[in-house]
Amino acid sequence: MPSNKKYFICIIFILLLISNLACAQDSETKYKKERDWMVKIQIENRGIKDTTVLSAMKDVPRHIFVPKLYRMFSYEDRPLPIGYGQTISQPYIVALMTELLKLNKDSKALEVGTGSGYQAAILSKIAKKVYTIEIIEELHIKTNKVLEKAGYDTIKTKFGDGYYGWEECAPYDAIIVTCAAEFVPPPLIKQLKIGGIMCIPVGPPFRVQNLLVITKKSEELLETKVITQVRFVPLIRK
Amino acid sequence: MVMSTKFILSIASHWYKNPNGIKKKSTEFIQSVVFFTSFTILCYEIILTRIFAITQWQNLAAFIISLALLGFGASGTAIALLKNQIDKHFNGFVLTALFLYPLSMCLGFILYCKTPFNPFEIGIDNRQLYYFLQYFIAMGIPFFFGATVIGIALTRFPIGKTYFSNLIGSGVGAIFVVAVSYLLHPYSILIGITIISFLTATLFSSNLNKTKFIAFLILSAVLVGVFSLSVNYLHLKKISQYKSISKTLNLPNAVIEKERYSPLGLVQVVEAEGLRSTVGLSLVSPYEVPVQKGIFFDGEAMSAITPFDGEKKDIKYLNYIPSALPYNLLEDSEKEKVLIVGVGGGEGILKAWLHDFKNISGLELNGKVVKLMKDDYSTYSGNIYNHPRVTIINKEARGFIQSTNTKYNLIEISMLDTYNTAASGIYALNETNLYTVESIREFFLHLKENGLLAITRWVVNPPRDNLKMLNICIQALKSLNIKDISKHIIYIRTIQAATLIISKAPISEEMINKTKEFCKTRLFDIIYYDGIKENEVNRFVKLDTPIYYLAAKNLLSENASDFEDEYDFDIKPANDNRPYFYNFFKYKTLKYILKYGTDKIPFTEWGYLTLILLLIPVIIISFVFVVVPLLFLKKGKRGLNIKILLFFGLIGIGFFFIEMPLIQKLILFLSHPTYSLSVIISSLLVFSGIGSYFSDKIFNAEKRILYSSLIIASIIILYLIVFDIILPVFMNANVIIKILVTIILLAPLGFFMGIPFPQGLSKIKRIESFKVPWAWGINGFFSVISTILATLFAILFGFRVVFILAIVCYLGAGIVSLKLKKV
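Heads up: the sequence lines are chains A and B, in that order. The working numbering puts the first residue of the first sequence at 1072, with every later residue one more than the last. The working numbering puts the first residue of the second sequence at 143, with every later residue one more than the last.
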């Protein structure tokens, strides 16, 4: 009987393992389906045409950047809280901002406000190198682990005040600021290449914001375009 | 508070020592219970508005008044339904209500703090309506129990005296809570209110026996202790994560360094790594912004304190923001006197300093901020507040400018609200006396010959507040018969801010050239100057259409009113009669919202539509809690009498149609909403109480109400005429003098407003006493609705119309009162 009991326990264990794997497989398939649906309905239908952006949005598993508690809402058309008063942006806004940066496979991009790491992951699918800075240390450590685990090797992260940019690696073809600011920090403008593009949402989080694109025509001339008004509202609060 | 506690205890001990010497239900004994219950209800109501403003948003404060009145209405209905049982078990009912009152206050407050309500998500997250209902219940129940005590007393004891205690208690409460706000944090005051309420319950229990008295005393002490601990340990002081301070506190090493409180609000100074604030800094600024400290007002409206050691190079970035334009337009010889409205952390002073103004005057309403800057942060900020060149005036802007004869080279009104408040529309239902035609006219008249008035505001798209501001200025210049108004205006914008300059003298060619140069070197866009060409606008910060330029051109043309009508938002100039600058909603806006959804215009900016939407559930809830239960009264006791309904409905509406516009109108005179609210409420209540006390002694009994109503109507007409003559005389007086003037002005009105209600109740009590709580409930129902209607009508038609409607209500009530004897 004792040996039977052992066999029985082993069988139960194997069955549990298989069912768990099957579930995981199921979840991955489910997430993939949701992601494809997200790209089609929320992104393509709203006018995002850049195929590299659409492809990146299809590839990057958004749910791994979302806290477990909210993972089921990962592919909904909303930003979600990630703690520390920050959010992971609405998928459409991520796609729109990425498209506005006009990246190619040789681009070097700087992101100010790493947050969940999702935006950096999307950028890394298109650009050659992505540098990202986060001012909240705990968030920086947490996101760094997620990015490392998921194998995003072309992303370099740094803990620090984004106001000063990342001068050692400048100039950049594109700078994306993912946190609302009262003004555009002068060091960031200096670190942008001539012809480079900066994308920045201006306004408080959770409210109506202006999405701006700044193009550096020369050292003295920058052209700013107000793209649209966006509103960041989390589905569920902390 | 300590005095009150001692007073209650002395009465309690006296009665306890002489148990046989007291008539259990004696009028005097109940008067003190009614006094303290009314006292705490008013304290609770006002302190809730403060706590709402700190943890959530000020705009929700108006909802507390409706809630309190709903509690009163529902209590009347409950008393009507339970009248027989109350008659049999008077002590039991009163004691239960007295005890549940503070208990529900504690539990309701905990529930309030734990409810994740956020007005910005209404229309997006359906759960918000449920949370709103939860708020309603959590906050409303204490008012119900408190009002039940007063209602029972009114049905059993002489109405005049009981109503007198009720009103005097409320009036004293309104003043008391403002006075202690200088000494205690709002949370401590709330705990104090629960202590007084529990002591009132204990006081009443002394009327029973020794054991019960001691049991209630111990139980009250335990509950107060548990509640006090809960406030600290259940994180009840947590403020909304959507407020600016919450976001700042997420920055590394963020800490609240100083905290000061007063009736004007909670002031907190935050230090954090990476905290920098300056609005609209040029993209090509060669100068950087240093790490600063932030002063927050009720968790919002951050004003930066910039580290300064007297070196101009550290503040040169201040010449690369749009509000620096007027400083660049003035000649050196004209940099003599500048007035900065709302100096806060001192950015405006530093800007004037950078440009070598000889005499810098800064207006700051909040004395706590002035003290912080002069004492605690004097070293950090370069001691600028104490410098001989700088004069800080601790006064409200309108009040000061109306009272001074000084003329200035430059008057600057910059960024007095944060982007949060500007973009979110949370002030949509709040009045402001700063942005009105009359206000701008006053500022303009205080400019020197070549002086400039500069107003900088956030850029919000689609444009609305900036256009309304321009329209107000145009209207103000028109009212002064200024010719060629377009020659007096320069308007520029950046990514985030727009600066409007109004010049006393026509703008010279040289100033236009300076403006062009200023904008070109900073990549700012010019919106308007006289003679501007279309290819000069929308160059650096490109919008799909040059809407600012087109709007300015239209507003300065003869077709201005057509443009106003066709525009999607209400950009008509605000004036002192309708000082709702932040209300941009009009019928056409609804079409815009339907087209673009709440993504563009959040629910909080729906202006008076919010009131209409709020009115529907309030009517339903009030009807369900106040009127429907009355239908279950036994036949013959239903008292569904049209005359009672009309009379108590009309005086319910009339009272608030007088009180609410008075509060709003006198904000301008008393310089702050909190002073206005407390002084007017307490004056009206105390004098109404006195009126109620003497109501049996004046006029012929039959026509007492009619005569009182006629006098009330006459006084209001008189107010409409004399307010604008008397108030300006005292505009520069000390706030104490202003309060005294207000009290004297309101005394006769309050006295006569205290007569109709108790006299009406007395009339029906003589005939059918069971109808007293019914009438109390009906009055409450109409009062709830009237609080919302008063604001709605003020936005739509102005204060004068609301006053006129109040006159109609009182006159109507006076006529109906003649028929009450036949009830």
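Incorrect hints may have been included.
[What the hints assert, rightly or not] BS3-like, lysine-lysine: derived pairs with alpha carbons at most 30 Å apart: (1) A:1288 to B:477; (2) B:400 to B:225; (3) B:477 to B:662; (4) B:389 to A:1139; (5) B:733 to A:1288; (6) A:1296 to B:662; (7) A:1296 to B:454; (8) A:1229 to A:1104; (9) A:1200 to A:1216; (10) A:1176 to B:675; (11) A:1261 to B:961; (12) A:1103 to A:1261; (13) B:656 to A:1288; (14) B:400 to A:1296; (15) B:303 to A:1296; (16) B:714 to A:1261; (17) B:513 to A:1261; (18) A:1261 to B:477; (19) A:1296 to B:549; (20) B:454 to A:1120; (21) B:389 to A:1229; (22) A:1288 to B:737; (23) B:629 to B:737; (24) B:656 to A:1261; (25) A:1296 to B:477; (26) A:1173 to B:684; (27) B:675 to A:1288; (28) B:458 to B:658; (29) A:1101 to A:1076; (30) B:549 to B:675; (31) B:714 to B:684; (32) A:1179 to B:658; (33) B:662 to A:1264; (34) A:1111 to B:303; (35) B:400 to A:1264; (36) B:695 to A:1296; (37) B:479 to A:1296; (38) A:1139 to A:1227.
Since the hints were derived computationally from the structure, they do not count as laboratory data.
Hints, verified against the model:
1. This hinted pair does not check out: residue 1288 (chain A) and residue 477 (chain B) have alpha carbons roughly 37 Å apart, beyond 30 Å.
2. Under the criterion of a C-alpha separation no larger than 30 Å, the hint pairing residue 400 (chain B) with residue 225 (chain B) is inconsistent with the structure, at around 53 Å.
3. Distance restraint check for residue 477 (chain B) and residue 662 (chain B): the Cα-Cα separation of roughly 23 Å lies within the 30 Å cut-off, and the hinted pair is therefore satisfied.
4. With a C-alpha separation of about 23 Å, the suggested pair residue 389 (chain B) and residue 1139 (chain A) falls inside the 30 Å cut-off, and the hint holds.
5. Only pairs whose Cα atoms come within 30 Å are accepted, and residue 733 (chain B) paired with residue 1288 (chain A) is rejected, the gap being roughly 39 Å.
6. Distance check on the hinted pair: residue 1296 (chain A) and residue 662 (chain B) sit about 17 Å apart at the alpha-carbon level, within 30 Å; holds.
7. Only pairs whose Cα atoms come within 30 Å are accepted, and residue 1296 (chain A) paired with residue 454 (chain B) is rejected, the gap being roughly 33 Å.
8. Distance check on the hinted pair: residue 1229 (chain A) and residue 1104 (chain A) sit about 33 Å apart at the alpha-carbon level, beyond 30 Å; violated.
9. Restraint check for residue 1200 (chain A) and residue 1216 (chain A): the C-alpha separation of about 18 Å stays at or below 30 Å, so the hint holds.
10. Restraint check for residue 1176 (chain A) and residue 675 (chain B): not satisfied, since their Cα atoms lie roughly 43 Å apart, outside the 30 Å limit.
11. At roughly 82 Å between alpha-carbon atoms, residue 1261 (chain A) and residue 961 (chain B) are farther apart than 30 Å, so this suggested pair is violated.
12. With a CA separation close to 40 Å, the supplied pair residue 1103 (chain A) and residue 1261 (chain A) exceeds the 30 Å bound.
13. Restraint check: the Cα-Cα separation between residue 656 (chain B) and residue 1288 (chain A) comes to about 24 Å, which is no more than 30 Å; the hinted pair holds.
14. Straight-line distance between C-alpha atoms of residue 400 (chain B) and residue 1296 (chain A) comes to about 40 Å, which puts the hinted pair past the 30 Å bound.
15. Our distance criterion of 30 Å between C-alpha atoms is broken by residue 303 (chain B) and residue 1296 (chain A), whose separation comes to about 69 Å.
16. Distance check on the hinted pair: residue 714 (chain B) and residue 1261 (chain A) sit about 43 Å apart at the alpha-carbon level, beyond 30 Å; violated.
17. In summary, the hint linking residue 513 (chain B) to residue 1261 (chain A) is not supported, as the alpha carbons are separated by about 40 Å, beyond the 30 Å threshold.
18. Pair hint residue 1261 (chain A) plus residue 477 (chain B) does not hold up; C-alpha atoms about 34 Å apart against a cutoff of 30 Å.
19. Among the hinted pairs, residue 1296 (chain A) with residue 549 (chain B) is inconsistent with the structure: their alpha-carbon atoms are about 41 Å apart, more than 30 Å.
20. Restraint check for residue 454 (chain B) and residue 1120 (chain A): the C-alpha separation of about 50 Å exceeds 30 Å, so the hint is violated.
21. With a C-alpha separation of about 21 Å, the suggested pairing of residue 389 (chain B) with residue 1229 (chain A) holds against the 30 Å cut-off.
22. For the hint pairing residue 1288 (chain A) with residue 737 (chain B), the CA-to-CA distance comes to about 36 Å; that exceeds 30 Å, so the pair is violated.
23. Distance hint between residue 629 (chain B) and residue 737 (chain B) is unfulfilled; the C-alpha atoms sit about 38 Å from each other, more than 30 Å.
24. For the hint linking residue 656 (chain B) to residue 1261 (chain A), the alpha-carbon distance of about 27 Å falls within 30 Å, and the restraint holds.
25. This hinted pair does not check out: residue 1296 (chain A) and residue 477 (chain B) have alpha carbons roughly 36 Å apart, beyond 30 Å.
26. At roughly 19 Å between alpha-carbon atoms, residue 1173 (chain A) and residue 684 (chain B) fall within 30 Å of each other, so this suggested pair holds.
27. Distance check on the hinted pair: residue 675 (chain B) and residue 1288 (chain A) sit about 24 Å apart at the alpha-carbon level, within 30 Å; holds.
28. Taking the CA atoms of residue 458 (chain B) and residue 658 (chain B), the gap is near 20 Å; set against the 30 Å cutoff, the hint holds.
29. For the suggested pair residue 1101 (chain A) and residue 1076 (chain A), the alpha carbons sit about 37 Å apart, so the restraint of at most 30 Å is broken.
30. With a C-alpha separation of about 34 Å, the suggested pair residue 549 (chain B) and residue 675 (chain B) falls outside the 30 Å cut-off, and the hint is violated.
31. The suggested pairing of residue 714 (chain B) with residue 684 (chain B) holds, with an alpha-carbon distance near 26 Å, which does not exceed 30 Å.
32. Between residue 1179 (chain A) and residue 658 (chain B) the CA atoms are separated by roughly 36 Å; this puts the pair beyond 30 Å, and the hint is violated.
33. Taking the CA atoms of residue 662 (chain B) and residue 1264 (chain A), the gap is about 21 Å. The hint holds against a cut of 30 Å.
34. Between residue 1111 (chain A) and residue 303 (chain B), the direct Cα distance comes to roughly 73 Å. Violation of the 30 Å bound is thereby established for this hinted pair.
35. Restraint check for residue 400 (chain B) and residue 1264 (chain A): not satisfied, since their Cα atoms lie roughly 43 Å apart, outside the 30 Å limit.
36. Taking the CA atoms of residue 695 (chain B) and residue 1296 (chain A), the gap is near 22 Å; set against the 30 Å cutoff, the hint holds.
37. Pair hint residue 479 (chain B) plus residue 1296 (chain A) does not hold up; C-alpha atoms about 38 Å apart against a cutoff of 30 Å.
38. With a C-alpha separation of about 25 Å, the suggested pair residue 1139 (chain A) and residue 1227 (chain A) falls inside the 30 Å cut-off, and the hint holds.
The structure fails hints 1, 2, 5, 7, 8, 10, 11, 12, 14, 15, 16, 17, 18, 19, 20, 22, 23, 25, 29, 30, 32, 34, 35, 37 (numbered hints given earlier, in ascending order).
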